[in-house]
Amino acid sequence: MIKLRINGKEVEAEEGEYIIDVAKRNGIDIPHFCYNERLERIGACRLCVVEVKGMPRLQASCSTQVKEHMEIYTHTPRVLEARRVNMQLLLANHDLYCTLCKENLLCKLQRYASELMIEDTPFEILHRYDEIDNSSVSIRRDNNKCILCEQCVRICNDVQTVYAIGLVNRGINTRVKPSFEHTMKESACINCGQCVVACPTGALTEKSDIQGVIDALNSNKYLIAQTAPSIRATLGECFGIPAGTPVTGKMVSALKQIGFDKVFDTNFGADICIIEEATEFIKRIKQKGTLPMITTCCPAWIKFGEQFYYEELNKNMSTCRSPQAILASLVKTYYAKKINKNPEDIILVDIMPCTAKKYEILRPEFKGEADFVLTTVELAKLLKQLNVDFVNLPHTEFDDPLGFSTGAGDIFGHTGGVMEAALRTVADWLSGEDLKEIDYKEIRGMEEVKEAEIDIAGMSIRICVVHTMGAARKLLEQIKAGKSPYHFIEIMACYGGCIGGGGQPPPHNKERLAKRIKALINVDERKKIRKSHKNPAALKIYAEYLGEPGSKKAHRLLHTTYSKKSYV
Amino acid sequence: MQDRSAKKIKLLNVLREIQKKHNYLPEEEIRKLSEKTGIPVIEIYSTATFYSMLSTKKKGKKIVRICNSLPCYLNGSLNILEEAKRLLGIDINQTTKDGKFTLEVTSCIGCCDKGPAIMINDKLITNITKEKLRKLLK
Amino acid sequence: MKTLQKTYLKAWKKANKLGPEKTIKILKKKGLTGRGGADFPTWLKWELTRKTKSKERIIICNADEGEPGTFKDKLILEKNPENVIEGILIAAYCIDSKEAYIYLRGEYAYLKDKLRKTIKKILKATKSDLYLEIIEGAGAYICGDETAIISSIENKRGYPNFKPPYPSQKGLYNKPTLINNVETLANVPLALINKDWNNHSRLFSISGDVLRPGVYELKIGTRLEKIAKKVQAKNPKAVYFGASGGCIYYEPNLIIDQKNLCKKNVMLGTCSLIFVNKKRNILDIAINIAQFFTHESCGKCTPCREGNIHILNLLERIKSKKATEKDLQLLEKLSIIIKDTSLCGLGQTCTNHILTAIRHFKEDFQVK
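Residue numbers (the working numbering), protein chains in the order written: chain C, 1 to 568; chain R, 569 to 706; chain H, 707 to 1074.
Just so you know, these hints were derived from the structure itself, not from any lab.
A couple of the hints might just be wrong.
[What the hints assert, rightly or not] Each computed EDC-like pair below joins lysine to aspartate or glutamate, with the alpha-carbon atoms no more than 20 Å apart: (1) C:K185 with R:E595; (2) H:K862 with R:D666; (3) H:K823 with R:D690; (4) H:K869 with C:E124.
All chains, please: the whole structure from these sequences, using the hints.
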């Protein structure tokens, strides 16, 4: 430990720590755009500059390490003026129509402009007139609002290894773009939306479907909503409720209040997903099918696989649909019949954590099923617009017959959850027992790669759970080389799993994500039924409609196919 | 003898070779290079667009770069630039219709004692006068 | 010129007899400092790189000479590349490196073939197993910066990086890397062999409003008038030290050395002097240099990328007689903040010419 001073106060730090982190720990928030605890430090935005005694120039606190007896000053007039002028430079090269921007009131540029008391920019406004890229179904890119913090580039390339976008040209002409003037749609973008989460301004935002849903609510169609497992852990944050507080009941009430006729639970779809996937997995084990089998709930990972590894790995991908797609399929077939409605008169709105779901529902295999996807952030906006007093809403239960879920369904929302849910069913079925030990704690947590060897009925099942596509790619390369030691792999494209999805309220720091995960684990632990194959509502549908798990009808409605996707 | 990092590809050298052959960096060549080296296309493209002497857009057979840094400026580079524009009938960063010449302005090329100086492709040509320019830009 | 005297591998042989430690000691005694503009003690850079606990070390010869008004490295590469390569070999021996690169700016590509042949000849003559490759730059002034050269060789955009870590600790491919300028390396064998070698003797690149521009070997500490006479400067008004050094009012009695120039807020840098005569308007010169930096800014950090374009805009406002005293104050404030907050040497020096021009030649910056 070393001792140093920040703003006159003595603080302690480890050798090699950076000034910005030591300051944060001591309650001093230094403004920054390009610094992200999970990404390579680049020291580019220069907002985080501080005065260090003995050094002639101001130093960037994100990329300067502390030393014994260092004297640091974070908010002197010289520092504040430097931050102010750099902000004014950014503002002079920015689309300043904040009132018309999706990021209005959420934008970090606005926050710092306010904190630094900036009321004008003395510099000539540079009008960029960059073309807005609206081609992607999930993400909208407006380079007129980009401040070149490079977070999106680092996340897409270093963390996700998708390499859809990069920095192009030099100096004042630098832009973030796909290669060779291609559009986002043509690029390898997997729609995960991690760039949207990271972007401090309105340069990268999700493609909005709010108006479509408003129109639907005002039509005479039958409106159904389904909510993904992780929404209940994060929606509250948009209304000031502390992170980690599940808001399931309020969420259902809100949707009912704004006009949804029925609110179903995607967790139900998750339980069915487990029943199908466990059946598939056990079949592969017993009949020596292609292993390892990889979960396929994550549409961003699926696009990644279809783009980069289709020939080699398409047989490893589980044919099982994602929970959303399973429930959507049942809504437009089973449920439509049940309530005697034409499926075309039913509008299904998915409330999802994920911008990639906007892409998933448009896959030709899922045509006519889910009609809209609203992300958590979009739903919050809609509720606010319709004046819903979310915090004071009462608790409402999900609707039957597609609303009851077990704890296994809830944990789909975080990394390791799908695997844990699957193991609960696989272990029971392979052993023929109703096992009491159902908490697989070794695959929980924020580590990017988690592996375990589970002993089930004398068989040693080797599993691996990864999140972020960069970590997943290593496993995929291993499978490609024929060297994978695993039987079952769970891949989630977003850090932390769906609780860290592209549609979840930012910022996504480790602390906040951990709280969200804890919320889901608590919901699971408090439920009486925690195994998917014991879901009475699910079993009813099998008995009434689907037949046996893995039956022909189940395959037709609840499974899907993949195809090679091209990209530039 | 040669260790692993020495065997690493030096993208700048490879890109300069491709540019010499095709006069610019065609998208197809970059894709082939990406497949061969495993470097993602966007990374090659991102690097290529950073440098003044690399271009992903088609250029003329002869790229005429007129130095306008301080010493050449003091030696009358602006007059040479105007003359070049007039002779070729194009503005800066444009290519003649017959695809022969592209006109650009460049930073100091190290011929400050023999200015004004220009580059035509890889050749440094010094002590440029209007007459000399006329002969070079035929 | 002494710098162009060939040493014909005599110094390399001597170094091999003395051993790395004694060789570095001689360089320390002779006081050789870097000729790339930073004037850092060469022996110390070698020692720091040598002492690292790495299995491999790399050498980069910085031949990305790009400072306006600088053309001395070009002369050395044309007339005495052998010394440079000998310098690299001696460095490789002293710091125990098996891998070296010459980062040759793209505009000097015409020298590549001859350089390659010379390298082959010398490596054969010394039976050296050093890997020495030429990397061709592609037109980016920023790649003269040490960390930017590393980014460039690593196939990335020529973005500089924050220091520490210094290249001697963590450089190319994360290995300890020694980066030396062409003239520095050319001087290594001379310093080792010649008894009367002197660190004060530099190659000055002199150009501008002079009748005899060229490279001159002069001593640090020469009076400016002497230089002006030698190059036949006509009616000098100002002297610019490259684009990044800043400018001074022509004073015949000014001693040209780091200390005296520092007092005038000017950097000697690569010893490039650009004379400007009394007919010139300093505002026009400022616009020209601002255009240079706007074009060459890499774009990574906010103050340099955004600031330079506004420096240019403000200068053009002054030129078109639309500027007020407020604009001039803003120009000064912006220049100081770009200098104070930029990431690398380019940003930290790109406004020196503004700050010194406003101070010495205020009459050329007329505002309403």
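Given the hint that K862 (chain H) pairs with D666 (chain R), does the C-alpha gap stay at or below 20 Å?
Distance ~34 Å between K862 (chain H) and D666 (chain R) Cα, so the pair is violated.
Within 20 Å, alpha carbon to alpha carbon, are K823 (chain H) and D690 (chain R)?
19 Å, holds
Is the straight-line distance between the alpha-carbon of K869 (chain H) and that of E124 (chain C) 20 Å or less?
This hinted pair is violated, its Cα atoms lying about 33 Å apart.
Agreement of K185 (chain C) and E595 (chain R) with the hint, judged by alpha carbon distance not exceeding 20 Å:
Judged against 20 Å, a Cα distance of about 18 Å means the pair holds.
The structure is inconsistent with the numbered hints 2, 4, although it conforms to all the rest.
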